[in-house]
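Asker: Here is how the chains run, residue by residue.
There are 2 protein chains.
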Amino acid sequence: MAQDPLVIFTPSGKRGRVPAGTPVLDAARQLGVDLDSVCGGRGKCSKCQVAPGYGQFSKHGVTVAPDALSAWNEVEARYDRIRGLKEGRRLGCQAQILKDVVIDVPAESQVHKQVVRKRAEVRDIVLSPTLSLAYVEVAEPDMHHPSSDLDRLLGALKAQLDLETLEIDRHLLPGLQKVLRKGNWAVTAAIHDDDTPTIVALWPDFFEGPLYGVAVDLGSTTIAGHLVNLVTGEVLASSGLMNPQIRFGEDLMSRVSYAMMNEGGADEMTRVVREGVDRLIGELVAEAGIDGDSLLDLSFVMNPVMHHLFLGLDPYELGQAPFALAVGSAQRMMARELALSVAPGARAYVLPLIAGHVGADAAAVALSEAPHRSDDLVLVVDVGTNAEILLGDTQGVMACSSPTGPAFEGAQISSGQRAAPGAIERVEIDPETKEPRFKVIGCDLWSTEEGFTEAVAQTGITGICGSGIIEVVAEMRMAGIVDAGGLIGSAEAVGTPRCIPEGRTHSYLLWEDPDGRKITVTNGDVRAIQMAKAALYAGARLLMDKRGVDTVDRVVLAGAFGAHISPKHAMVLGMIPDCPLEKVTSAGNAAGTGARIALLNREARREVEGLVRGIEKIETAVEPRFQEHFVAATAMPNAADPFPLLRAVVPLPDVEFNAGTPEGGRRRRRRG
Amino acid sequence: MAQDPLVIFTPSGKRGRVPAGTPVLDAARQLGVDLDSVCGGRGKCSKCQVAPGYGQFSKHGVTVAPDALSAWNEVEARYDRIRGLKEGRRLGCQAQILKDVVIDVPAESQVHKQVVRKRAEVRDIVLSPTLSLAYVEVAEPDMHHPSSDLDRLLGALKAQLDLETLEIDRHLLPGLQKVLRKGNWAVTAAIHDDDTPTIVALWPDFFEGPLYGVAVDLGSTTIAGHLVNLVTGEVLASSGLMNPQIRFGEDLMSRVSYAMMNEGGADEMTRVVREGVDRLIGELVAEAGIDGDSLLDLSFVMNPVMHHLFLGLDPYELGQAPFALAVGSAQRMMARELALSVAPGARAYVLPLIAGHVGADAAAVALSEAPHRSDDLVLVVDVGTNAEILLGDTQGVMACSSPTGPAFEGAQISSGQRAAPGAIERVEIDPETKEPRFKVIGCDLWSTEEGFTEAVAQTGITGICGSGIIEVVAEMRMAGIVDAGGLIGSAEAVGTPRCIPEGRTHSYLLWEDPDGRKITVTNGDVRAIQMAKAALYAGARLLMDKRGVDTVDRVVLAGAFGAHISPKHAMVLGMIPDCPLEKVTSAGNAAGTGARIALLNREARREVEGLVRGIEKIETAVEPRFQEHFVAATAMPNAADPFPLLRAVVPLPDVEFNAGTPEGGRRRRRRG
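Just so you know, the protein sequences line up as chains A and E, in that order.
No gaps in the numbering here: position 538 of the first sequence is 538 in the UniProt record's numbering, and each next residue is one more.
No gaps in the numbering here: position 368 of the second sequence is 368 in the UniProt record's numbering, and each next residue is one more.
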C-alpha cells in the first residue's frame, strides 16, 4: 500500500501524513493548525475556508496533483451556489485530502490572527478573544429517554464541538425552549471563556456573527471608547465624550471631596459616570451600525478614583493616607451589574489597578508597551493630571505616580486652555531675534506664513494648550529668555521688547491681536510648568534610584497628551531623563490600546494580572528622596543631573536673571 | 529523652503522639479529628472546646496525670471570666498537650455532627453545611507595600485559616473598607462553599453565629418551610402557607393552561409564588426570632411545573408531549435572583428534577429514603395529586410518575374535603353488622364513644379527607359492601339499610346529622378512588416489570398525605403491591426532609445530583403495558395480581353486585 498523503499547511509550516480521505479541517486539528470552525464541519459557517496550492513546491519538496483534494461535494456546491465561495477556496470541512497537498490557511480563517500595529517597537496583537460562536444541532426530546432541553444542548456542544462543562447564563433559560424550537433544533451559542466557559447568548439556527466588543478608557476628563470586531480585530467606531462627573469637580481630588462632604455623593457620581459610559456605548453601536445583541464583551481601564466610582465603591480612603484601595485586582462581571443597557449576557472586564495612585490605565499602558518584555531599560510615562510612571525591563518593572497637577493640560496657565481649535500647540523662538512663530490647532501654517491670518479667522487664536506651553517654555529657555531657575529676563536683559514687566516679574509676549488682546507667558506660568515637570521627573528619578541607574535606554511618552509632546522640548524642560532624542517615542493612547488588547486577547488578561502583581509599587509620598529630586528638578533642565546628551544637541544659554523677582536677592547655583 | 506524649481523641478513637506543648487543636488537625474552629486558634470563638479525661483509662491503656495539659493561660482565663467555660472544658487552641491524655470532643465542638432521625430505617443526617464562619485579623494598609483591602483580607484568610482562592460577592465590596475599619482590622466572614468558595457576608470583629438556612417544599397546594440552625441542625421554626398560585388553578395542568392562554400568565404566576415563598421565609425568620442577615442558605424542592414557574421558566412544554423540561439539573443561584428579600449574599439551591413529570420533590424523597443504598428492593411512593414512584436498591433505581388525580386528597369525592378539623380521617366497618365508626380530625374519640358528639360540636363533621376515603372504601371492601369490581351492593344484597339507592347505583351512608344532612360514599366516589389507585399501582407495577420482579421487599409511603395512609387499607384497595404489612412504612414528608438534608450537607447535593443522573426514567405515557396494568388494577385489590400476603391476614369477601349498575349486564371475572 502507498504511503498516506502528506499535507503541508502554510503559513504555519505544520506538516504530517493523514489517511487518504481525511477532511482538511480534521487534518488541521490533528496537526495543531489554527483553522477556525463555528459549525463543527457541517458546511454552514465557511470559517474553515482554505486555499489549496497546486503544482510543484520545491521549497516543501512536494508536487501537488490537480486531484490532490476530493472534488466538490454537494455541501460545497450548495454553499457556493447560495453564498459564493471565493476563487481557489475550498471548505476545509468538506474537501478531503487524497494526495500530497499544500494548504494555505488565509488570515481570515485563523482564529488567532494578528492585528498589525503601526509602531515598530511594539508587538502585534494576536486575536484570541474570550468570545466564540458555536453552531450545534440538538437532539429533540424523546419521551423514552427524558432529558431537559438544556441537557441536550450541552450534550450536543460536547459531542459535536468537544465543548465541555459549560455553564449557561440564567437569563437565557426562560427563552431556551423557544430558541431551540424556532431554529428547528439547530442553534448558535456565543460562548464566553475567560474563567468559566459560559453560554452568554443564543440564536436560533445558524448565526454568522461577528461578535463585537468595546474597549473603554474612562478618564477623569473624557471617556473614550472603541467598538471592535472580535473576529478581525478591526475598530469599527471610536467615540469620546466628556466625563459627566466633571460637574462634581474638575480634578479627582475635588470629586473625592465631593463624595466625602455630600451624603450619597459617591453614589450619585457612580450613577452619572455609568450613564456616560452607557451613552458612549450607545453612540458606538449606532455609529458602527451593528446589532447590540452581538456586543457581548467590554473592557475598561481607568485611574483608581474613577475605578472605585465606576464600580460603586466609595473613594473615601483614596483621599487620604495610606490611600488604601478597596479592591485592586482585575474584575470580571456582567456588564449589567454596571447598569449598562447592553445585551444581558455581555461581560465586563476591568483591568487591575497597580496601587492607590497607579491605575488600571497604567496597567493597560504596561500591557501595551510591555516593559516586562523589553531587553533595554525603558521609562514609560503616561502624562496627564497625575503622571503614572513605569520603569523596567525583563528583569523587573517598577511603578509610581507623581502629582503633576493640571498644568500640562493647560490649566493653571494664564493663557492656558484645553487642546481645541484655536489653541497654540507648537512654538518656535528665534534664538537671535527672540521672535516667536507658532501653529494653532486646526491650521497647518506657521503664524509667520502667508495666509495664516485668514486661515485662523474662523477659530481665532484663543490660548495655549498643554503641548504648546511646554514648547514655548522650552523655546524660551533655549533662546535665553528664561534662565535655568525659571526667571524671565527683562526687555533689556534679554534684548527684546516682548519681555514686558508684570508686577515684580516679566512676561513674554507670544501674540497680540490687532485689537490689543495679548497672549503671554507669565513667570507664574513658567513656575507652574516647573512644578509639574519637577514632579514628573522626580518620580522617574526615584524609580531610577530604586533600580540603581542614572540613565535609561529609552523613554516612551504615553497618554493622549503625550502623543503631542515634542521629545526635545520635554527634555529641555527636564521633564524626562537625559536620553538620546531618537530613543524618545510616543505611544499615543497606550491605555486605550491596552484596553483593546485585553478585549481581543484573553491570555493578555492573565498577562496584565501577573504583570501587575509582579510590579514593584513605589509610593512617592513616603520616599524622602522624592522631595530632594523634586527640588533639583525645578531647575530647567535640572540642578543636579547634567543632561550631557541633551546639551550635545541643544543650546542651553547660561543666562541668569536674578533682579526684579521676589527671590531676586538670592544667588542661585546654576548649571545652565 | 522521653517519648512524645500520646493523645487519644474520643469518640473518634483517633490517636497519635505529638511533641509536648502541641495545642490540642493542632493535634486534632494533625490526626484528622473533627474539631471546629472559627477564629483559627485565637481563643475567640470557643468552638474548639474539649473535655479532657483524667485518671486511668484501661480501655485506651493510658493513665492521664492531672498536669497532662498545660495550666490555664491568660486567654483561657479571660474567656472564662467574660463568657464562662463549662466545668471540665478547655479551649482546644490554648490547652497544650504535655503528657499522655484522653480528649473528648463533645458533639457541639464537631463540625460534622450527626442529626439523629427518628426512624430506624434511615440514615442520620451528618452536618456538613455549605456555610461556615471564619474570623481573621487583617493587616492594615501600608504605603510602603501598597495593596488593596480585599487583597489583605484574602491574604489573611489564606495565611491564618488556610482558605485559598476565595471569591467574594460583589455586593460586599462597597462596604468592605468600612467593615474592616469598624472591626479595627478584625472581621468575620461567612464563606459559602458549594462549587466556588465565596465570601457571602462580613461582620466587623468577631461574629459568633450561628448561620441559618431554610428548606422549602414548594407544593402545588401548600408551601412548607423549615428554618434550620446550620451549626446544630436544629429546626427552629416550621411554617406553611397556601400556594397563592391556587387562584390560577387548583391543579398543575390548569396552571399550565393559564400560562398558555394568558399573555404574561406564566410571569404572573412566577411573581405570586415567589411572593408566597418570600412571605413564608419572613414568617419563619419572625417565628425563630433570628437576625435575617444570618439566614444565608436556602434549599428548594418542587414538582417540575412549580419548578419552572418558580424559576421564571414558561411551563408551556410541560403541558404537552413530549413534556420537555427546559432545565432539569440542580440550580445554584443567588436567592435575590428569585426576588426573595433575604440577605444579599444568601444562596439558593434547587434540587434536580428527575424528568418532565418527576420532580425535585421526588429527588428529595430519593435523597431522604436512599433507595440506592438499600440492600432490599424498596418501592417508594410519594402520594399526592401526581404520584411519584421510585423502585430500586443498590443495583439501580427507576422512577416514574402516575397521574392519580386529586381523589386521594378528597377532591372529586362527593363528601370529600381537605384534611382539616371536622374531616373524617379514620373509619372502621363491622363486617357482621356493616355499621361504621370513625374519627374526625381534631378529636381522639371514635364516633361510637361517649362524649364524641360533644367533642365534635365545635368543628362539626364536615366531610371525608383523603386518608378517610381510602379507609372507608377499603373497609367497605372488607365488609363485603363493595365488590372487587367496585360496585356497592343494595341494602338487600349487603344486608344493611345503610346501602341506599342513588340513581342506578347505591351509596353507603356513613353518617347522618340529627338534622338529616348525610355523609355517604357513592359508587362514583368508589370509582374515583379506583381510578386513582389503579394509576398508582400501574406505575409501580410498570417499574416492577422493568426490573423483572413480581414483588418488592418493602414499601415506603411518602408525602404529607402518605403519612396518614393506613398500610393495610392501602393494600386492600390494591394501591400498592402485595408485601408484608410490617414492611410498609411511612416516611412522612420525605421531600421536605430531603430538602433539609441538602441544606445541611453539601455532599448530599452531589449525591442527589449523581443519583438523579443515574435514575432510569420511565415515562408511563409511552409504555403500552401501563394501560393493561391500569385496567387490572381498577379491581380491588387487583384483577391480575393475587395479593397472597394480604389475603393471609385480611378477609376479602367474595361478593359480587352486578345488578342495577350501568355495567350490570356484564359478567366480570372475579378473584375476590
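Derived from the structure by calculation, the hints contain no laboratory data.
A few of these clues could be false.
No distinction is drawn between identical chains; accordingly, a pair holds when it is met within one copy or between any pair of copies.
Only pairs whose alpha carbons sit at most 27 Å apart, straight line, appear in this in silico DSSO-like list of lysine-lysine [what the hints assert, rightly or not]:
# : residue 1 : residue 2
1 : K568      : K158
2 : K178      : K617
3 : K546      : K118
4 : K99       : K568
5 : K617      : K518
6 : K158      : K617
7 : K583      : K158
8 : K158      : K546
On a predicted model such as this, the values are computed, not experimentally measured, just so you know.
Asker: Does each hint hold? Answer for all of them.
Answerer: Status of the hints after comparison with the structure:
1. K568 / K158: Neither. Shortest intra-copy (59 Å) and inter-copy (50 Å) distances fail the 27 Å Cα cut-off.
2. K178 / K617: between (53 Å within a copy, 25 Å between copies)
3. K546 / K118: neither (33 Å within a copy, 71 Å between copies)
4. K99 / K568: This pair counts as neither: shortest intra-copy Cα distance 62 Å, inter-copy 78 Å.
5. K617 / K518: Answer is neither: 45 Å inside a copy and 90 Å across each miss the 27 Å cutoff.
6. K158 / K617: between (45 Å within a copy, 22 Å between copies)
7. K583 / K158: Neither, since 52 Å and 45 Å both go past 27 Å.
8. K158 / K546: neither (53 Å within a copy, 30 Å between copies)
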